[in-house]
Amino acid sequence: MTASGQERQTGEQESIRRPLSPQPLVARFLSIAFSCIALVLAFLGLFEWDVPLTRFVRSLNDIQRDHLANPWLAQLSDVGDRLGRGESLVIISVLILAVGFGLKYESWKAAGWRSLLGHGVAAGVSNLVKHAIGRPRPKFMHAGNLELSPVAGSGWDSFPSGHATASFAVATVLSEKFPRWRWVFLSLAIAIAASRIVRGSHFVTDVAGGAVMGHVIGSVVARPWREWRGSIESALFEVTPLLAAVLAVVWTIGYQSSDAWAVAHWIGAGVVFTMFGLSGHVLLVVKAAKAPPWLSMSATQSFIGLGLGMATGSLWVMATILCVCLAHWLRSGWGVEAAAASEPARYGLLIKEAALVLAVLFGLLLVVDLRGALPML
Numbered sequence: 001m002t003a004s005g006q007e008r009q010t011g012e013q014e015s016i017r018r019p020l021s022p023q024p025l026v027a028r029f030l031s032i033a034f035s036c037i038a039l040v041l042a043f044l045g046l047f048e049w050d051v052p053l054t055r056f057v058r059s060l061n062d063i064q065r066d067h068l069a070n071p072w073l074a075q076l077s078d079v080g081d082r083l084g085r086g087e088s089l090v091i092i093s094v095l096i097l098a099v100g101f102g103l104k105y106e107s108w109k110a111a112g113w114r115s116l117l118g119h120g121v122a123a124g125v126s127n128l129v130k131h132a133i134g135r136p137r138p139k140f141m142h143a144g145n146l147e148l149s150p151v152a153g154s155g156w157d158s159f160p161s162g163h164a165t166a167s168f169a170v171a172t173v174l175s176e177k178f179p180r181w182r183w184v185f186l187s188l189a190i191a192i193a194a195s196r197i198v199r200g201s202h203f204v205t206d207v208a209g210g211a212v213m214g215h216v217i218g219s220v221v222a223r224p225w226r227e228w229r230g231s232i233e234s235a236l237f238e239v240t241p242l243l244a245a246v247l248a249v250v251w252t253i254g255y256q257s258s259d260a261w262a263v264a265h266w267i268g269a270g271v272v273f274t275m276f277g278l279s280g281h282v283l284l285v286v287k288a289a290k291a292p293p294w295l296s297m298s299a300t301q302s303f304i305g306l307g308l309g310m311a312t313g314s315l316w317v318m319a320t321i322l323c324v325c326l327a328h329w330l331r332s333g334w335g336v337e338a339a340a341a342s343e344p345a346r347y348g349l350l351i352k353e354a355a356l357v358l359a360v361l362f363g364l365l366l367v368v369d370l371r372g373a374l375p376m377l
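Okay, so the sequence shown: first residue is 1 according to my numbering, each after it adds one.
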């Protein structure tokens with residue numbers, strides 16, 4: 001090897017060993033910290049609605065049949081209960097594994113094995129936490145006070161939801177292996193989790209805790225073990241916006257503010273922020289060359305999120321979403337932001353952008369028009 005080659009190799013080794021500069025390390029630490037704060041704020045905010053939402057769900061039951069009176073909700077409850085059971089999830093994984101062996105698809109084999117592993121780990125961890133915490137099921141809730149009785153047996157195993165934990169673990173693994181079907185798997189997991197609340201089997205925080213736990217476990221299992229730290233970080237960044245959105249929806253449909261003047265001003269500011277962020281996002285996708293240099297995807301997404309949070313009129317929701325936005329803005333600052341799409345993928349990108357616009361406008365309409373729609377308090 002020549003001297004220049006040795007110097008180049010030495011330089012490469014030094015660049016590998018050289019630690020990250022202080023600025024990216026600080027940004028990474030702060031982004032993780034803000035995600036954790038957002039997670040705590042979301043759980044505390046949802047905890048306030050555990051009892052009111054449970055009482056509202058009870059009011060939907062047909063007392064004589066001890067079942068939901070609404071046929072659509074009853075169907076969601078029954079299908080979600082069956083699909084989220086352990087045996088159903090095992091059958092799904094085994095079928096994927098069988099297809100992989102039958103057609104010699106290595107990706108299907110990996111998806112089958114890892115979804116089985118993720119399901120097993122999720123079931124073990126959730127059952128351990130269930131009995132260690134000992135939270136009573138909603139049917140044992142009478143006074144509305146938080147009571148914990150570790151290792152108390154059946155009925156004292158509400159947190160976290162086992163259905164939500166296992167279904168999110170399996171859905172996350174399958175989403176990693178089949179990214180094109182990501183939203184199908186995650187939508188099914190969300191439906192299963194929602195069915196546990198509608199069925200009256202769990203509080204909303206039980207389901208939220210199970211979703212977070214399952215997503216983290218699924219992310220770690222789906223990726224190489226040596227990347228477990230990065231997997232946990234990615235899972236944390238992915239799940240906190242979902243929890244913040246759930247908090248915003250629950251708060252909006254369940255809370256009736258007595259200060260109409262303040263709410264009206266927050267809604268107005270929220271609409272302005274949302275439309276500004278949405279316009280910037282569309283500009284970056286359609287004509288990025290004409291966008292100002294300070295405008296970025298993370299900035300526009302932050303404006304959209306903050307705008308929707310303002311429209312709820314809740315300072316708690318705003319603080320939660322602000323922490324989520326800061327976490328993602330800092331994360332994009334140390335190089336974890338999606339790369340620009342190539343020309344062949346531009347058509348699909350425009351379709352996704354149109355879907356995003358419709359989803360944001362629908363979310364804004366939901367926040368504004370459905371305020372206090374459910375009499376939970």
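Any given hint could be a false lead.
Claimed, not checked - Simulated restraints, written as ranges between beta carbons of each label pair:
hint, residue 1, residue 2, range
1, A69, A319, 36 to 44 Å
2, A319, I351, 16 to 24 Å
3, V357, R180, 16 to 24 Å
4, E238, M275, 19 to 27 Å
Hints listed in this document are in silico derivations from the structure and should not be mistaken for laboratory results.
If you're wondering where the values come from, they're calculated on a predicted model, not measured in any experiment.
Ideal placement from N, C-alpha and C gives every residue a C-beta, glycine not left out.
Checked hints:
1. A69 to A319: 36 to 44 Å: Since A69 and A319 have Cβ atoms about 37 Å apart, the given range 36 to 44 Å holds.
2. A319 to I351: 16 to 24 Å: This hint is violated: roughly 34 Å between Cβ atoms.
3. V357 to R180: 16 to 24 Å: At 22 Å between Cβs, range holds.
4. E238 to M275: 19 to 27 Å: With a Cβ separation near 26 Å, E238 and M275 satisfy 19 to 27 Å, so the hint holds.
This entry does not satisfy hint 2, going by the numbered hints stated previously; all others are met.
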